[in-house]
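Take a look at the letters that make up each chain.
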Amino acid sequence: MAIIEVRDLNLYYGEHHALKGISMDIEARSITALIGPSGCGKSTFLRTLNRMNDMIKGVRIEGTVRIGGDDIYADDVDVELLRKRVGMVFQQPNPFPKSIYDNVAFGPRIHGVNDKRELDEIVERSLRQAALWDEVKDVLKKPALSLSGGQQQRLCIARALAVEPDILLMDEPTSALDPISTAKIEELIQELKKDYTIVIVTHNMQQAARVSDRTAFFLQGELVEYGDTVELFHNPRDKRTEDYITGRFG
Amino acid sequence: MERRRAEKHLAVRKWKNRVAAGAFFLATSVGIAALAVLIGAILRDGLPYLTWDFLTNVPSRIPEKAGIRSALFGSLWLMVLTAPVAFVLGVATAIYLEEYAKPGRLTRLIQTNIHNLAGVPSIVFGILGLTLFVRGIGLGRSVLAGALTMALLVLPIIVVAAQEALRAVPSSLRHASYALGATRWQTIRRVVLPAALPSILTGTILAMSRAIGETAPLIMIGALTFVAFVPTSPLDAFTVLPIQIFNWVSRPQEAFHHLAAAGIIVLLVVLLSMNLTAVLLRNKFQKRY
Numbered sequence: 170m171a172i173i174e175v176r177d178l179n180l181y182y183g184e185h186h187a188l189k190g191i192s193m194d195i196e197a198r199s200i201t202a203l204i205g206p207s208g209c210g211k212s213t214f215l216r217t218l219n220r221m222n223d224m225i226k227g228v229r230i231e232g233t234v235r236i237g238g239d240d241i242y243a244d245d246v247d248v249e250l251l252r253k254r255v256g257m258v259f260q261q262p263n264p265f266p267k268s269i270y271d272n273v274a275f276g277p278r279i280h281g282v283n284d285k286r287e288l289d290e291i292v293e294r295s296l297r298q299a300a301l302w303d304e305v306k307d308v309l310k311k312p313a314l315s316l317s318g319g320q321q322q323r324l325c326i327a328r329a330l331a332v333e334p335d336i337l338l339m340d341e342p343t344s345a346l347d348p349i350s351t352a353k354i355e356e357l358i359q360e361l362k363k364d365y366t367i368v369i370v371t372h373n374m375q376q377a378a379r380v381s382d383r384t385a386f387f388l389q390g391e392l393v394e395y396g397d398t399v400e401l402f403h404n405p406r407d408k409r410t411e412d413y414i415t416g417r418f419g
Numbered sequence: 162m163e164r165r166r167a168e169k170h171l172a173v174r175k176w177k178n179r180v181a182a183g184a185f186f187l188a189t190s191v192g193i194a195a196l197a198v199l200i201g202a203i204l205r206d207g208l209p210y211l212t213w214d215f216l217t218n219v220p221s222r223i224p225e226k227a228g229i230r231s232a233l234f235g236s237l238w239l240m241v242l243t244a245p246v247a248f249v250l251g252v253a254t255a256i257y258l259e260e261y262a263k264p265g266r267l268t269r270l271i272q273t274n275i276h277n278l279a280g281v282p283s284i285v286f287g288i289l290g291l292t293l294f295v296r297g298i299g300l301g302r303s304v305l306a307g308a309l310t311m312a313l314l315v316l317p318i319i320v321v322a323a324q325e326a327l328r329a330v331p332s333s334l335r336h337a338s339y340a341l342g343a344t345r346w347q348t349i350r351r352v353v354l355p356a357a358l359p360s361i362l363t364g365t366i367l368a369m370s371r372a373i374g375e376t377a378p379l380i381m382i383g384a385l386t387f388v389a390f391v392p393t394s395p396l397d398a399f400t401v402l403p404i405q406i407f408n409w410v411s412r413p414q415e416a417f418h419h420l421a422a423a424g425i426i427v428l429l430v431v432l433l434s435m436n437l438t439a440v441l442l443r444n445k446f447q448k449r450y
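Residue numbers (this note's numbering), protein chains in the order written: chain A, 170 to 419; chain B, 162 to 450.
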């Protein structure tokens, strides 16, 4: 069953029609890649799934987005709880200027976990899941900003995992990283698929082909094509998809 | 261009370059020289009088027995009472304006007024303090009335400094917090404020060093010029360093003028150490993100 169901989603930034009639189902415990040229709406779409667009002035949204069957734009929805369920990793690693430990413990703390032992367990589990534990287990009190860029991004993943989300949104998580860090994160994403539903925006088509089960191609606010990744890259149904993946534009 | 002309031109250019450097150095020297002369004169006049007795004695009609204990403690009392009031009100105002207020005509009006308040002559705040605190709520000529007046005086400075500090916190940190399900207050309390605090404290200390040198509003609200005791409660009468200095300078006897110079040294030391703290704080926490 699809964990995310999007129907006829339209989004406007003021006059600008940024997402045009998107309908899309995303399966639980799968990796979905969103690809397309800059400004095509893929990041905007990603941010409708945890309502991060709410913070931008002049945004208007029509249509429905259901996560686990619940309409997340219904009036009685608690945005804080939604975001606990739908975690997010950003393009630039953005750890808080706090210790490694406090970064991971931030989420559990704001949701009311104060017990030291419980926090210790969550921090260790999350860092292990993010494949960072062995590198930082002896320096948990050190500032997060002393880590390398790749480590910082894995810390941000650990921080997102610490609140036990069902879904993890990733907005070009490797675009600021070197190839080795990128490979580590890609490996990690594969691993996380066992427990989480992952939606990843990427500029890098090889990355989409490498990591994802399904791929969605966006162009000028439209969902042009959505399907099995192997299928989409080898037998694109739409001419525009073919042009894009063969590098004729974008 | 032929080579000789270029060479001749080069000489002129280099000459102009030297003149420009000299002119700017001269301009800077004027300020530095004035400061050096000022400090030199004050040290010459005041240093011999700057003794332990001077620091621990209360004012007296006899110059040899006069000291600044009551003024020093008066200034300390004033700071201790002004700082928390101004800090809490100023930071709260900045948080409201930066994080909660919707941008619009009202917010712009408030913003403009805060900037204007920062430019209002301090004596006007003295009149306000006299009306509001001394007479209005009947605090009398107390150190508390003085502190509240001073708090209003430095409030705009703290608000503006705190607003800038809050604005300098990268939005990526706020987004990280919201994306984890934090509320606005949790985000402010746990992410934005800790990141902005060093800059806010720096601004507050600089505002306090403005307050410690202010004289006019305190004379206005009736701080005494001759106080032979240290205030023991916020409702006691008081004097402060600049008023004490002013009092000594206006006396005819030569000896009191030396005492004034010694008092100025004390005031300068207090001021400079506050500013130094602000600079150290800023350097320590610079570039954390």
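Check the hints yourself; a few may be wrong.
[Claimed, not checked] Lysine-lysine pairs mimicking DSSO-like chemistry, simulated, CA-CA at most 27 Å apart: (1) A/K363 / A/K311; (2) A/K285 / A/K353; (3) B/K169 / A/K267; (4) A/K189 / A/K408; (5) A/K285 / A/K310; (6) A/K267 / A/K285; (7) A/K226 / B/K263; (8) A/K311 / B/K445; (9) A/K408 / A/K267; (10) A/K311 / A/K267; (11) A/K226 / A/K189; (12) A/K310 / B/K263.
Keep in mind the hints are simulated off the structure, nothing from the lab.
Hint check:
1. With a CA separation close to 31 Å, the supplied pair A/K363 and A/K311 exceeds the 27 Å bound.
2. In summary, the hint linking A/K285 to A/K353 is not supported, as the alpha carbons are separated by about 30 Å, beyond the 27 Å threshold.
3. For the hint pairing B/K169 with A/K267, the CA-to-CA distance comes to about 61 Å; that exceeds 27 Å, so the pair is violated.
4. Taking the CA atoms of A/K189 and A/K408, the gap is about 19 Å. The hint holds against a cut of 27 Å.
5. With a C-alpha separation of about 14 Å, the suggested pair A/K285 and A/K310 falls inside the 27 Å cut-off, and the hint holds.
6. For a cut-off of 27 Å, the pair hint linking A/K267 to A/K285 stands: about 17 Å separates their Cα positions.
7. Between A/K226 and B/K263 the alpha-carbon distance is near 11 Å, which keeps this suggested pair within the 27 Å criterion.
8. In summary, the hint linking A/K311 to B/K445 is supported, as the alpha carbons are separated by about 17 Å, within the 27 Å threshold.
9. Note on A/K408 and A/K267: the hinted pairing is violated, with a Cα-Cα distance of about 49 Å set against a maximum of 27 Å.
10. Pair hint A/K311 plus A/K267 holds up; C-alpha atoms about 8 Å apart against a cutoff of 27 Å.
11. Distance hint between A/K226 and A/K189 is fulfilled; the C-alpha atoms sit about 19 Å from each other, no more than 27 Å.
12. For the proposed pair A/K310 and B/K263, the alpha carbon gap of about 38 Å is over 27 Å, so the pair is violated.
The structure fails hints 1, 2, 3, 9 and 12 (numbered hints given earlier, in ascending order).
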